[in-house]
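Enquirer: Listed here are the chains, written in short residue letters.
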Amino acid sequence: MEIIVCIKPVLDPDLPPAKFTVDGKKNEVIPPEGVPFVMSPYDALAVEAALRIKEAQGGKITVLTQGTKYAEEIMRKALAMGADEGVILSDPAFEDSDGFGTAHVLAQTVKKIGKFDLILCGRQAADWDAGVVGSLIAEYLNIPVVIRAKSIEVLDGVLKIERISTNGSEVFELGLPALVTLSSEMGQVRIPSGWGIISAAKKQVPKWGATDIGTDPSQTGAAAAVNRLVKLYVPVYERKCEMVTGKDPAEAAARLTEKILAIKP
Amino acid sequence: MEKFDAIVVGAGPAGCAAAYTMAKAGLTVLVLERGKYTGAKNMWGGAFFGPVMGEIFPEFRKEAPVERFINRHIISFMTKEDCLSIDFKSYHGDEGSSPGFIMLRAKFDRWMSTKVEQAGAILATGLEVTDFIFDGSRVAGVKVGTEEFPGNVVILTDGANSLLAKKAGLRDDYKAPDLKQGVKEIIKLPREVIEDRFGVSGSEGVVMEFVGACTKGLPGGGFIYTNQESLSVGVVVQLSALLENNVKASDLIEDFKEHPSVRPLIRNGETVEYSAHLIPVSGVAMMPRLYSGGILVAGDAAAMVLGTGLILEGANLAMAAGIAAGNTVIGAKALNDFSALALSQYESLLKESFVMKDLQTFRRAPHFLENPRIYNDYPEWTCAMMRGIFNSTGKARRNILEVVKESMKGKIGLMQLVGDTLKARKAI
Ligand SMILES: Cc1cc2nc3c(=O)[nH]c(=O)nc-3n(C[C@H](O)[C@H](O)[C@H](O)COP(=O)(O)OP(=O)(O)OC[C@H]3O[C@@H](n4cnc5c(N)ncnc54)[C@H](O)[C@@H]3O)c2cc1C
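Those sequence lines, one after another, are chains A and B. Under my numbering, residues 1 to 265 are what the first sequence spells out, in order. Under my numbering, residues 1 to 428 are what the second sequence spells out, in order.
By construction, these hints were calculated from the structure, which means they are not laboratory data. Quantities reported herein were computed from a predicted structural model and do not represent experimental measurements. Note that beta-carbon positions come from the ideal geometry of N, C-alpha and C, so glycine has one too. It cannot be assumed that every hint is accurate.
[As the list claims (entries may be wrong)] One-sided excerpt, in silico: chain A residues whose CB lies under 8 Å from chain B:
id: 1; residue: 17
id: 2; residue: 18
id: 3; residue: 22
id: 4; residue: 29
id: 5; residue: 31
id: 6; residue: 33
id: 7; residue: 36
id: 8; residue: 198
id: 9; residue: 203
id: 10; residue: 206
id: 11; residue: 208
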């Protein structure tokens, strides 16, 4: 079983809002200094799912991440959890790609690796929550995809997947190769052991650029982006409180009803 | 199972300096840090003094995340309503050449630990060392829960109140007066505002120390340090005094921020971080045994903190001790001898360096600084004297000597003053 997992570094979603600021002019988040990015929690679930499959029936796990400042750090984390190999995709041409560009880079990398049975991704990245990269990789590779999986089992070369849907869950069976994105309902992600961290620190992680994986320059980078960020800001929530009174509960209720009806939907 | 040449417990200044020294010499080094990432839980005031940083990292002036270089020191005595300050500015050398500088731990620890990794050491975060592996009475590695990590030498740099030093049999329990508690807020302000309020420009910075009302007269002090775009504002107080007087350090910092001489400095600032930490302050009197078979201890874990009341230095001593520990292990490795006798070289190195010399010179300071008059009567007296000198009452003025005498009345006896001055001469 050859499993490929795609992971992304994001600003730690557990950080309190006071820790970072937004540059409204450049439409950029200014992360707090000294606080490293973390593996997007949904992607960590994908690594966990891969490890569970490997434990159940053997195989090899290769982790991919598109290189930003913290790529190396989250790659080491995935390796420490138990992944076998990793590749960092790093090239100036990839910078400022949107989901489409990133999916192109990852799909090209998978093609270069050649051998694979299963690709796992998080259901969405915890920073932009777009949730398109997994499906796009499947599209580019022309393989089936199931998104928001809660559990994955592999039985005699057939994937059995329970996926979260709006009204409950659905169970799918599909052949390999396929791509699956993982949802938080899957459960707990393991914490790396000390020796896991030590063996991860010793592994070589190659960096591949545009020429290594043969990306199409017209499909990556800011110029190729299909999505355009219009405005980035920290939302301000306002709470107002108004006391409704009356000489008795009936009058208070009548006034309250009036006020509610006066609010336009 | 792989056995490391050295295992370093804690990636603060002491641990990083030790690990860097050894890794550069080609030793296999494992650094275990309990924080989720380096610097995650660490704090300090932020003023680093002396040349030791440049000795280990010659490139630090260009690379390290220095907030500001110190060219202005302000020492203030405060009562509830007054504040008398000595303001020392120094413009020797170019901007950025000052031997003192201000840094934030989150950034500094990360920079330093990256250096350690680049030198070849393995840094593993999120792992809290809980115990040792013993070989007879000799330490032969560490345990993190049920996981074991064998090593020829363990360097303990786990900071103040090291429980592991106790477990290794290197120290007894501390007494409450041996520790101070520090609390600190980081208050965000625009760079231009900081430069205007503190009279600095470019990379210049100020350290301000306060004595008196900021600790409600308890042994300790307050501080304000300028970062690039924030202020570090804090209070350090003797732990036993807090307990005895039922005072909370968190309340003291609130009062400190409200003091009329502090409030305008932090006005409109936003508190973005709050932290608290212990400081070992009794110096040589509380120092553990520094080595034993297979183990060395350095930095706060060995109480290497110098406090004279006017300065608080720990990070530079920690780094110097870390370097000495590292060099000791390099020597031990060459002879493949990690016995207590071989590791005793560490103590010799420390005695030759400023670490033990300074701690010896100021060995009486901790006791001297417990004198409550320093935090009550003297600020009251000096401020009353200044009020007397500057206050114009419409009546005939008295000469200055009379003002001084008057201000001492009921506060300080002449003999006390002479006695305390003599003690101060010996202690600091
Ligand atoms: C409020 C305050 C203000 C200060 N101001 C200054 C100042 O302005 N200038 C100055 O020079 N010094 C100052 N100090 C002192 C200075 O911070 C310390 O002396 C210095 O940090 C000591 O370095 P260290 O490496 O020995 O310990 P630490 O910096 O405390 O590092 C210890 C490390 O060990 C880790 N650790 C602890 N236990 C374990 C374990 N069991 N397993 C794994 N890891 C562990 C910790 O997470 C930490 O990273 C101040 C201290 C305080 C509290």
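Enquirer: Let me make sure I understand: some of the numbered hints might not hold for this structure. Which ones are they, in numerical order?
Expert: 1, 3, 4, 5, 9, 10 and 11
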